[in-house]
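*Asks:* This is what each chain is made of:
Number of protein chains: 2
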Amino acid sequence: MPDASLLGANVKALFFDVFGTLVDWRSGVAREAEAILGPLGYRLDWPAFADAWRGEYQTGLEDVRSGRIAFAKLDVIHRRNLDRILPRFGLEGAPEAALGELNLAWRRLDAWPDVAAGLGVLREAFLIAPVSNGNISLLVALARRNGFPFDAILGAEIARAYKPAPEAYLAAAAAFDLPPSACLMVAAHSDDLSAAAACGLRTAHIARPLEFGPGGEGESAPKTRTDLAAADIGDLARLLRATEESKP
Amino acid sequence: MPDASLLGANVKALFFDVFGTLVDWRSGVAREAEAILGPLGYRLDWPAFADAWRGEYQTGLEDVRSGRIAFAKLDVIHRRNLDRILPRFGLEGAPEAALGELNLAWRRLDAWPDVAAGLGVLREAFLIAPVSNGNISLLVALARRNGFPFDAILGAEIARAYKPAPEAYLAAAAAFDLPPSACLMVAAHSDDLSAAAACGLRTAHIARPLEFGPGGEGESAPKTRTDLAAADIGDLARLLRATEESKP
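Listed in order, the protein sequences are those of chains R and Y. The working numbering numbers the first residue of the first sequence as 233 and each following residue consecutively. The working numbering numbers the first residue of the second sequence as 233 and each following residue consecutively.
Bound-form chain R, shown alone:
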């Protein structure tokens, strides 16, 4: 672990991954799918449905990253991904109104319990913004629902590029007039942090062992070199405060 005391002295902004890091997409998507499709008579393994939908995530984003399709908001990518898994769950005949509503499930996810309070503490000392692949309207809905006190909504829609493309991180730093080294990327995903570090950002890992459910592939610890590793957002605030206090 690099010397943590170096960190607080220079970092001005914290950038947060959202799906998995701040909000529990798996439980939320499963709950929303059951609430929307259940009354229509569908009986699915709802968590498996959530996993399958999220399982198309990188494939869908790669269509944009590779240039195969023009940049489109994550809402659009989510819908393409949903359409792709419908046959797998016998949902080809589901009414369009229900599918449209289901596609907005990603706006109605709940935060992990440590997040709102932790962000409130961090905001006292740092600029805070999501640097997520979610679109602005989606992230505003999540922020409102969960009380995230973001200073601005940064990320893919601002950059018109999806993480882990370098532009997604660099556009966020540029929006705050900061060099990448003054920005700390916070995520529960080692690949996100590796890409941020390659752009010169500092990195903090958040443990989310239950992101993919019990026994799933949620990361309890970083698989890559990071500046910090925290148990949750409150723990990150404690680590950064310790860092501040250790300044000369």
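Do not take every clue at face value.
[What the hints assert, rightly or not] When the alpha-carbon atoms are kept at most 25 Å apart in a straight line, the in silico SDA-like pairs for lysine to any residue are as follows: (1) R:Lys455 with R:Pro345; (2) Y:Lys305 with Y:Leu331; (3) R:Lys305 with Y:Arg311; (4) Y:Lys244 with Y:Ala357; (5) Y:Lys305 with R:Asp342; (6) Y:Lys305 with R:Cys431; (7) R:Lys305 with Y:Pro412; (8) Y:Lys244 with Y:Phe358; (9) Y:Lys244 with R:Arg339; (10) R:Lys244 with Y:Gly379; (11) R:Lys244 with R:Gly352; (12) R:Lys305 with R:Asp342; (13) R:Lys305 with Y:Gly379; (14) Y:Lys244 with R:Glu333; (15) Y:Lys305 with R:Glu399; (16) Y:Lys244 with R:Arg376; (17) R:Lys305 with Y:Ala406; (18) Y:Lys305 with R:Ile360; (19) R:Lys244 with Y:Phe358; (20) R:Lys305 with Y:Cys431; (21) Y:Lys244 with R:Val308; (22) R:Lys244 with R:Gly432; (23) R:Lys305 with R:Arg339; (24) Y:Lys455 with Y:Glu399; (25) Y:Lys244 with Y:Ala348; (26) R:Lys244 with Y:Lys305; (27) Y:Lys244 with R:Gly332; (28) Y:Lys305 with R:Leu402; (29) R:Lys305 with Y:Leu331; (30) Y:Lys244 with R:Leu336; (31) R:Lys244 with R:Asp423; (32) R:Lys244 with Y:Glu333; (33) R:Lys244 with Y:Ala329; (34) Y:Lys305 with R:Glu333; (35) R:Lys455 with R:Pro396.
What the hints contain is simulated information worked out from the structure, not anything from laboratory work. Being a predicted model, the structure only gives us computed values, none of them experimental.
Assemble chain Y onto chain R, guided by the hints.
*Replies:* Relative to the frame of chain R, chain Y by itself:
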């Protein structure tokens, strides 16, 4: 005045002009200029200096709107405008460090006294965002200083176009996934409101008779047709609440 009861039923988001409408740029720029240049021995008519700097505003933006220069953040435009007026005030010899600091005066402006509380009330019923020509970092600084509880920072930097270009308004509506008719542009400037209305947005005028100082050209009333005209942001909240209550 169109039927105000039509307004609340459809409007989901409020877009705010910032300089003049939410913050008092004239007093703030004059104060900051005196605080930075005074100790260096300069004795200027500080409000006249603020007026002169702001007087270059449209000229500076027109360089971008006309395509003469590529899009640049308002911070950059402000600095070009500052350099243009230096000779007029005998400031050609001012140290670069002081001028760089002075250029950030626009981040240290105070809100008109009705704004923070009014925005807090409006946020309970509407999405709220600045749709300003200010850049994201500048607007974040103003929001932090004055307690503006914006949902997102929209405006010129998102659109890469300066008001009154249509893209500036339309990009904001698109970011919130709303048709222009579901967005209310709020400004103390009739030309801003005319341009927004031409894009299909609803409009609300805020009276800021003191924007350009006592006896100046601040607008006490709209010079164009608007959906609403309010004395201040708190009054706008009252008008919109009245609108809500008059819904069938």
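*Asks:* Against this structure, judge whether each hint is valid.
*Replies:* Hints, verified against the model:
| no. | hint | in the structure |
| --- | --- | --- |
| 1 | R:Lys455 with R:Pro345 | holds (24 Å) |
| 2 | Y:Lys305 with Y:Leu331 | holds (17 Å) |
| 3 | R:Lys305 with Y:Arg311 | violated (34 Å) |
| 4 | Y:Lys244 with Y:Ala357 | holds (8 Å) |
| 5 | Y:Lys305 with R:Asp342 | violated (35 Å) |
| 6 | Y:Lys305 with R:Cys431 | holds (22 Å) |
| 7 | R:Lys305 with Y:Pro412 | holds (18 Å) |
| 8 | Y:Lys244 with Y:Phe358 | holds (5 Å) |
| 9 | Y:Lys244 with R:Arg339 | holds (16 Å) |
| 10 | R:Lys244 with Y:Gly379 | holds (19 Å) |
| 11 | R:Lys244 with R:Gly352 | holds (15 Å) |
| 12 | R:Lys305 with R:Asp342 | holds (21 Å) |
| 13 | R:Lys305 with Y:Gly379 | violated (30 Å) |
| 14 | Y:Lys244 with R:Glu333 | holds (18 Å) |
| 15 | Y:Lys305 with R:Glu399 | holds (18 Å) |
| 16 | Y:Lys244 with R:Arg376 | holds (14 Å) |
| 17 | R:Lys305 with Y:Ala406 | holds (11 Å) |
| 18 | Y:Lys305 with R:Ile360 | holds (21 Å) |
| 19 | R:Lys244 with Y:Phe358 | violated (30 Å) |
| 20 | R:Lys305 with Y:Cys431 | holds (22 Å) |
| 21 | Y:Lys244 with R:Val308 | holds (21 Å) |
| 22 | R:Lys244 with R:Gly432 | holds (14 Å) |
| 23 | R:Lys305 with R:Arg339 | holds (13 Å) |
| 24 | Y:Lys455 with Y:Glu399 | holds (23 Å) |
| 25 | Y:Lys244 with Y:Ala348 | holds (20 Å) |
| 26 | R:Lys244 with Y:Lys305 | holds (20 Å) |
| 27 | Y:Lys244 with R:Gly332 | holds (20 Å) |
| 28 | Y:Lys305 with R:Leu402 | holds (16 Å) |
| 29 | R:Lys305 with Y:Leu331 | violated (40 Å) |
| 30 | Y:Lys244 with R:Leu336 | holds (17 Å) |
| 31 | R:Lys244 with R:Asp423 | holds (23 Å) |
| 32 | R:Lys244 with Y:Glu333 | holds (18 Å) |
| 33 | R:Lys244 with Y:Ala329 | holds (21 Å) |
| 34 | Y:Lys305 with R:Glu333 | violated (38 Å) |
| 35 | R:Lys455 with R:Pro396 | holds (16 Å) |
In this structure, the hints that do not hold are numbers 3, 5, 13, 19, 29, 34, in rising order.
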